[in-house]
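Residue numbers (UniProt numbering), protein chains in the order written: chain W, 1 to 395; chain A, 1 to 163.
There are no misleading hints in this set.
Below are the BS3-like pairs computed for lysine-lysine, each with C-alpha atoms no more than 30 Å apart in a straight line:
| id | chain 1 | residue 1 | chain 2 | residue 2 |
| --- | --- | --- | --- | --- |
| 1 | W | LYS322 | W | LYS53 |
| 2 | W | LYS88 | W | LYS53 |
| 3 | W | LYS164 | A | LYS39 |
| 4 | W | LYS164 | W | LYS174 |
| 5 | W | LYS164 | A | LYS128 |
| 6 | A | LYS25 | A | LYS128 |
| 7 | W | LYS164 | W | LYS322 |
| 8 | W | LYS53 | W | LYS23 |
| 9 | A | LYS25 | W | LYS174 |
| 10 | A | LYS150 | A | LYS128 |
| 11 | A | LYS25 | W | LYS23 |
| 12 | A | LYS140 | A | LYS150 |
| 13 | A | LYS128 | A | LYS140 |
| 14 | A | LYS39 | A | LYS128 |
| 15 | A | LYS25 | W | LYS164 |
Note that these hints are calculated values from the structure, not bench results.
Bear in mind that the values here come from a model prediction, so they are computed numbers and not experimental data.
What follows is each chain in one-letter form.
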Amino acid sequence: MTLEKHGENRFVVPIGPQHPALKEPGHFEFVVDGEIVTGASVRLGYVHRGIEKGAEDRTWTQNLYLMERICGICSHIHATAFVQGVEKLAGVEAPPRARAIREIFAELERIHSHMLWLGVAAHEGGFDALFMYSWRDREVVMDMLEMLSGNRVHYSANLIGGVKYDLTPDMMDKIREGLNYLEERLAHYLDVVNNDETFIGRTRGIGTMTREQAQLLGAVGPTARASNFAYDVRVDAPYAAYAEFPVEMVVAQEGDLHARFVVRILETMESIRVLRRIFENMPESELVTRVPRRIPAGETISRVEAPRGELFYFIASGGGEKPERVKVRTPSLCNWGTVITLAVGHKLADMPMILAGIDPCFSCNDRLVMVKRNRQDPQVWTWADLRNYGIEYYR
Amino acid sequence: MIKGLLTTLREMFQQPVTIQYPEVKRPVRTRFKGRHVLKRYENGLEKCIGCSLCAAACPADAIFVESAENTDEERYSPGERYASTYEINMLRCIFCGFCEDACPTEAIVLGDNYELSFTDRHQSIYTKDMLLEPVPPGGKPTPQNTEPGKYTRSVPVMQDPQD
Chain W
1 MTLEKHGENR
11 FVVPIGPQHP
21 ALKEPGHFEF
31 VVDGEIVTGA
41 SVRLGYVHRG
51 IEKGAEDRTW
61 TQNLYLMERI
71 CGICSHIHAT
81 AFVQGVEKLA
91 GVEAPPRARA
101 IREIFAELER
111 IHSHMLWLGV
121 AAHEGGFDAL
131 FMYSWRDREV
141 VMDMLEMLSG
151 NRVHYSANLI
161 GGVKYDLTPD
171 MMDKIREGLN
181 YLEERLAHYL
191 DVVNNDETFI
201 GRTRGIGTMT
211 REQAQLLGAV
221 GPTARASNFA
231 YDVRVDAPYA
241 AYAEFPVEMV
251 VAQEGDLHAR
261 FVVRILETME
271 SIRVLRRIFE
281 NMPESELVTR
291 VPRRIPAGET
301 ISRVEAPRGE
311 LFYFIASGGG
321 EKPERVKVRT
331 PSLCNWGTVI
341 TLAVGHKLAD
351 MPMILAGIDP
361 CFSCNDRLVM
371 VKRNRQDPQV
381 WTWADLRNYG
391 IEYYR
Chain A
1 MIKGLLTTLR
11 EMFQQPVTIQ
21 YPEVKRPVRT
31 RFKGRHVLKR
41 YENGLEKCIG
51 CSLCAAACPA
61 DAIFVESAEN
71 TDEERYSPGE
81 RYASTYEINM
91 LRCIFCGFCE
101 DACPTEAIVL
111 GDNYELSFTD
121 RHQSIYTKDM
131 LLEPVPPGGK
141 PTPQNTEPGK
151 YTRSVPVMQD
161 PQD
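Full structure from sequences and hints, please.
What follows is the structure in structure tokens.
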């Protein structure tokens, strides 16, 4: 995605990797003609941690926790995707109650993620009041997650073959109470997003993506759904307990930033509705099934709907205690193409909003890209070299 | 505009949601996973028997345990063995709670303390003295001099843990 040629009279505005607009590292180059952007490029990979490679050196259980740490916001869904793949390979199925609890965690996480995004996106648009409000209300859902799992961010709720934490009726009541409050607040935010004049000025008609573009650029998740591209793994290929407690897909027609705000807020409300339904008909069963220590050899894929879109895992097992290969395809990576395309023709001042519009997650972007170089290149390090370097560095 | 000003006025008389952190601390939930605590029995004996199951279970390899033999004259824990070294590297620990689940004697528990800070990497290794809880009232500090044949069972009879 690099710019091939910069014309004679063009001016390139480089942004990042360290910059005040976005809180995470990513390098962007915008070619501007006056105020109008005429070309854009993105360079990613500043947060590469080598997680996929590291996974090959750890046991299945250890990997569960490693995968959870790919992203701080969608941590549960990463572990769910991994665990479902491993369960598929092992030929076991989690008990119904465990699957329902997975869905509860996933939906609470979605509420938390979308509210976080609402704040960040509003902040990029210069609407800091909404940022403060939505982050304050996000505390409510964080508290719920802390009550359920003991951690605010990395819940460690999944186990291979089930879940770790049970829900007591007492907790359900507390969560219901919190959800009532959140629903009220979300209705208010929806009203603000739809009716605040300044806000509409910043969002309506900005970064419009048609359905065809969304399909062509491989957009996923709420970004695609805001462009009337009806695709949601929860609906199209139900996992966990989504077959028993289905969600309704939220789709918007317009495809602009405003539509993305509306889709995400409505999705959050939908999550609240589904959570209430699960609490009413919580299945009774064990929490964990027995899973062998060695997972049978084979390959599998596992797809889930992360808050940002479709998350895809490829897991290959050689029949041992460790996986042979784990490949993660994260939703943010799929959505970057849309940013580069949509940026053209807009003002430079709209860029932060368009960037934030896809809900970019930079820890999603740490995927390994192999560049073929010759062997003697000093930039090529082996795993053992890197490890030794790390040990020596901190000695 | 009047509506907006009304909101401002209303907010002026509401309680702030922020907490004055170092002075006022937010209470944690029952399931909160904070810094580890090594528990003791009421008589002051350590619950940890140095079995290293926590170290084996730890997904991050943060725990290091070395065990030694108990004698009746110098008794640290019931049963044959006790942990002579117990170290947790807090930089490696991911607070998943697997050690808690693995422990056969409920000796290691993730506590309430979330104020972990250090200025250098060597300080991040928490030793046994730092992790062990104080001797409960009525108990004696370890090592204790105990009568022979009293503490032969290393794993006590327990109920299912609550939260």
